[in-house]
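Enquirer: Here is how the chains run, residue by residue.
Protein chains: 2
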Amino acid sequence: MHQESLTEAAFDFSQYLERGRQLVEGQLAVYLSETAPKVLWESMRYSVLSGGKRLRAILCLSAAEAIAARENHSQKEVVEIVLPCCCAIEMVHAMSLIHDDLPAMDNDDYRRGKLTNHKVFGEAIALLAGDALLLYANQILLTKTPAQIDPAVTLSVASELCRACGPKGMVGGQVDDLAFTGRLEQVKIDLEAGENEVVELIHRGKTGELIRFSVWSGARLLGASADELAILSKYAESLGLAFQIADDLLDVTGDMKTLGKTPGKDLAANKVTWVTVYGEEGSRKRLRELEDAGLAYLDNSMFAGAPTNALKKLLQYAIYRSN
Amino acid sequence: MHQESLTEAAFDFSQYLERGRQLVEGQLAVYLSETAPKVLWESMRYSVLSGGKRLRAILCLSAAEAIAARENHSQKEVVEIVLPCCCAIEMVHAMSLIHDDLPAMDNDDYRRGKLTNHKVFGEAIALLAGDALLLYANQILLTKTPAQIDPAVTLSVASELCRACGPKGMVGGQVDDLAFTGRLEQVKIDLEAGENEVVELIHRGKTGELIRFSVWSGARLLGASADELAILSKYAESLGLAFQIADDLLDVTGDMKTLGKTPGKDLAANKVTWVTVYGEEGSRKRLRELEDAGLAYLDNSMFAGAPTNALKKLLQYAIYRSN
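Chains as they are written, first to last, in my numbering: chain R, 27 to 349; chain D, 27 to 349.
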């Protein structure tokens, strides 16, 4: 029942995704068209412009559109307001993948079907390209968000990006992930004793925070109220957790060709994932719960009349995707 | 003549340095007092709170004081306004050292007389601690700069920090540094052919940009005019280049105990430094020129009556220090 609804779209969802992807990639190419030092920008472009779903950027855009309808903003205005933020999000995401793939971390050779950054440019350049992307993402957000946006709002969005990705957010989640790698048996024992927060803690930090920020920032830049931001954040938390559980499932069920990265690595590394802890069936069950919860947030009367179709489809896409 | 002037202080310079150091370290300890994930914050604290001259933070404070005198700000107000920025600068600086020391980069075992971060916490945590510090530094600057400062000013300071440290600044300089390591002979040949920009290019990026930002941001936060910012930036560029040349000299003349890091590494690695390219005498000559130029900027009539004593002493300290 859930999966079929993807084809019942009142609008053409795959066209919507494609339009968002093109908008974001076009602008990323512009921002990343610098030339000196040559090898650094090549390395940054290699990872940022290597495809990917652009799900986070599109979530930011869709959240903005949902809020903007009420304010009578044109489509063009909405894009102008949030596109720098969308690009910053994709740069930070690319940075996290570059550093994550390094030998000192997950030591991955392939990503999106291509050699990882350090395999092409060497470890030193990959490390510095990640650092550069983090700084450049913030710079773009701070300097390219249009002047019509109150500087206090831009400032709050930039500081929230840093918080969401920092030691209490994404980077903290990566540390938790590392800390529990190889301790799967212990986590299972703790789980039977009633301690079931570890897996959610890791997932929330590692992927959840940036996804939550993506939705939140789009709405915030378009002037969403505190209540709207709170509900949209709940929706985004459901989506973020679902996204990571789907990822964990794909590591078990996917193949190299579709995934573009090496499958089966989580199990081999004795990683704490939703699947290694709760099994495939438990993971699918949780996904259905998260889909229902996420959709219900968007059915809140607060959003009556708002175009939340795209956000609904994006939740289902995050769950039922094949890569 | 130059060196003696350090003792001719109209105010107690060593007490001034000590006060600045204590202010900055006290606040850094507060900002870094978080606990989860434990190992991440321990790793961040290990490098940020491991001593160091705090020269960059004190430059920010001193530039602020030079501008503030005219505006009748109290000492306490000035500190409140710039201290978050001072701490952000020190965090970004610490981050650059952590990543620079990694095996993929300079592969250093000691820094400030202590084991480097990855030697204590492992490469993965050192990498993530650097990323976390970069994000947390920006977050602190954006959220802790007092509300009395126009958000547009705070925003411009934060974006300039990202620019100064990013791919066209500090990180770009590290890439140039790597690119020319081992190519010392070629650089010397190019130099004889009239190509003398490489060494300055590397130095300007690697250390110059963050030092320039330190001075600029302190003045900007206190409302300096565009003309004042331009002259102070010139002073800071002289100081930044002098600081790195002094560093290159110390690599040749210093010892492990005083330096706290392994000396002689530049020559061994065939690195392009001021000393390996222009020799000791050429380096000392350039230092004297930079001292004169830097002091002359502060003698501009624009700063008549402004307390620029500390900035003058800081320039000489950067040149004549022993570690």
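By construction, these hints were calculated from the structure, which means they are not laboratory data. Among the clues, some could well be false.
What the hints assert, rightly or not - Taking lysine-lysine and the DSSO-like style, the derived pairs with C-alpha atoms no more than 30 Å apart in a straight line are:
| no. | chain 1 | residue 1 | chain 2 | residue 2 |
| --- | --- | --- | --- | --- |
| 1 | D | LYS170 | D | LYS338 |
| 2 | D | LYS64 | R | LYS260 |
| 3 | D | LYS145 | R | LYS170 |
| 4 | D | LYS260 | D | LYS102 |
| 5 | R | LYS260 | D | LYS170 |
| 6 | R | LYS102 | R | LYS338 |
| 7 | R | LYS291 | D | LYS291 |
| 8 | D | LYS291 | R | LYS64 |
| 9 | R | LYS311 | R | LYS338 |
| 10 | D | LYS170 | D | LYS64 |
| 11 | R | LYS214 | R | LYS260 |
| 12 | R | LYS214 | R | LYS291 |
| 13 | R | LYS311 | R | LYS260 |
| 14 | D | LYS145 | D | LYS291 |
| 15 | D | LYS214 | R | LYS64 |
| 16 | R | LYS260 | R | LYS79 |
| 17 | R | LYS145 | R | LYS214 |
| 18 | D | LYS170 | R | LYS170 |
| 19 | R | LYS102 | R | LYS170 |
| 20 | R | LYS79 | R | LYS102 |
| 21 | R | LYS170 | R | LYS291 |
| 22 | D | LYS145 | D | LYS102 |
| 23 | D | LYS260 | D | LYS145 |
| 24 | R | LYS140 | R | LYS79 |
| 25 | D | LYS102 | D | LYS338 |
| 26 | R | LYS64 | D | LYS64 |
| 27 | D | LYS145 | R | LYS291 |
| 28 | D | LYS64 | R | LYS214 |
| 29 | D | LYS214 | D | LYS145 |
| 30 | R | LYS145 | D | LYS260 |
| 31 | R | LYS260 | R | LYS145 |
| 32 | D | LYS338 | D | LYS311 |
| 33 | D | LYS79 | D | LYS311 |
| 34 | D | LYS145 | R | LYS145 |
Stated by the list, open to error - With beta-carbon atoms standing in for the labels, derived distance ranges:
| no. | chain 1 | residue 1 | chain 2 | residue 2 | range |
| --- | --- | --- | --- | --- | --- |
| 35 | D | ILE215 | R | LEU75 | 33 to 39 Å |
| 36 | D | ASN98 | R | ASN98 | 45 to 51 Å |
| 37 | D | ASP135 | R | ALA256 | 47 to 53 Å |
Stated by the list, open to error - Residues from chain R shown here face chain D by an in silico Cβ test under 8 Å; the list is partial:
| no. | residue |
| --- | --- |
| 38 | GLU149 |
| 39 | LEU168 |
| 40 | PRO172 |
All C-beta atoms in this analysis are idealised placements derived from N, C-alpha and C, irrespective of residue type, glycine included.
Enquirer: Please go over all the hints and tell whether each is borne out by the structure.
Expert: Each hint, compared with the structure:
no., hint, in the structure
1, D:LYS170 to D:LYS338, "29 Å, holds"
2, D:LYS64 to R:LYS260, "27 Å, holds"
3, D:LYS145 to R:LYS170, "40 Å, violated"
4, D:LYS260 to D:LYS102, "28 Å, holds"
5, R:LYS260 to D:LYS170, "27 Å, holds"
6, R:LYS102 to R:LYS338, "22 Å, holds"
7, R:LYS291 to D:LYS291, "39 Å, violated"
8, D:LYS291 to R:LYS64, "26 Å, holds"
9, R:LYS311 to R:LYS338, "19 Å, holds"
10, D:LYS170 to D:LYS64, "23 Å, holds"
11, R:LYS214 to R:LYS260, "27 Å, holds"
12, R:LYS214 to R:LYS291, "19 Å, holds"
13, R:LYS311 to R:LYS260, "19 Å, holds"
14, D:LYS145 to D:LYS291, "18 Å, holds"
15, D:LYS214 to R:LYS64, "22 Å, holds"
16, R:LYS260 to R:LYS79, "22 Å, holds"
17, R:LYS145 to R:LYS214, "35 Å, violated"
18, D:LYS170 to R:LYS170, "23 Å, holds"
19, R:LYS102 to R:LYS170, "16 Å, holds"
20, R:LYS79 to R:LYS102, "22 Å, holds"
21, R:LYS170 to R:LYS291, "39 Å, violated"
22, D:LYS145 to D:LYS102, "39 Å, violated"
23, D:LYS260 to D:LYS145, "38 Å, violated"
24, R:LYS140 to R:LYS79, "15 Å, holds"
25, D:LYS102 to D:LYS338, "22 Å, holds"
26, R:LYS64 to D:LYS64, "38 Å, violated"
27, D:LYS145 to R:LYS291, "27 Å, holds"
28, D:LYS64 to R:LYS214, "22 Å, holds"
29, D:LYS214 to D:LYS145, "35 Å, violated"
30, R:LYS145 to D:LYS260, "41 Å, violated"
31, R:LYS260 to R:LYS145, "38 Å, violated"
32, D:LYS338 to D:LYS311, "19 Å, holds"
33, D:LYS79 to D:LYS311, "25 Å, holds"
34, D:LYS145 to R:LYS145, "24 Å, holds"
35, D:ILE215 to R:LEU75: 33 to 39 Å, "37 Å, holds"
36, D:ASN98 to R:ASN98: 45 to 51 Å, "47 Å, holds"
37, D:ASP135 to R:ALA256: 47 to 53 Å, "49 Å, holds"
38, GLU149, "4 Å, holds"
39, LEU168, "4 Å, holds"
40, PRO172, "13 Å, violated"
In summary, the numbered hints that this structure violates are 3, 7, 17, 21, 22, 23, 26, 29, 30, 31 and 40.
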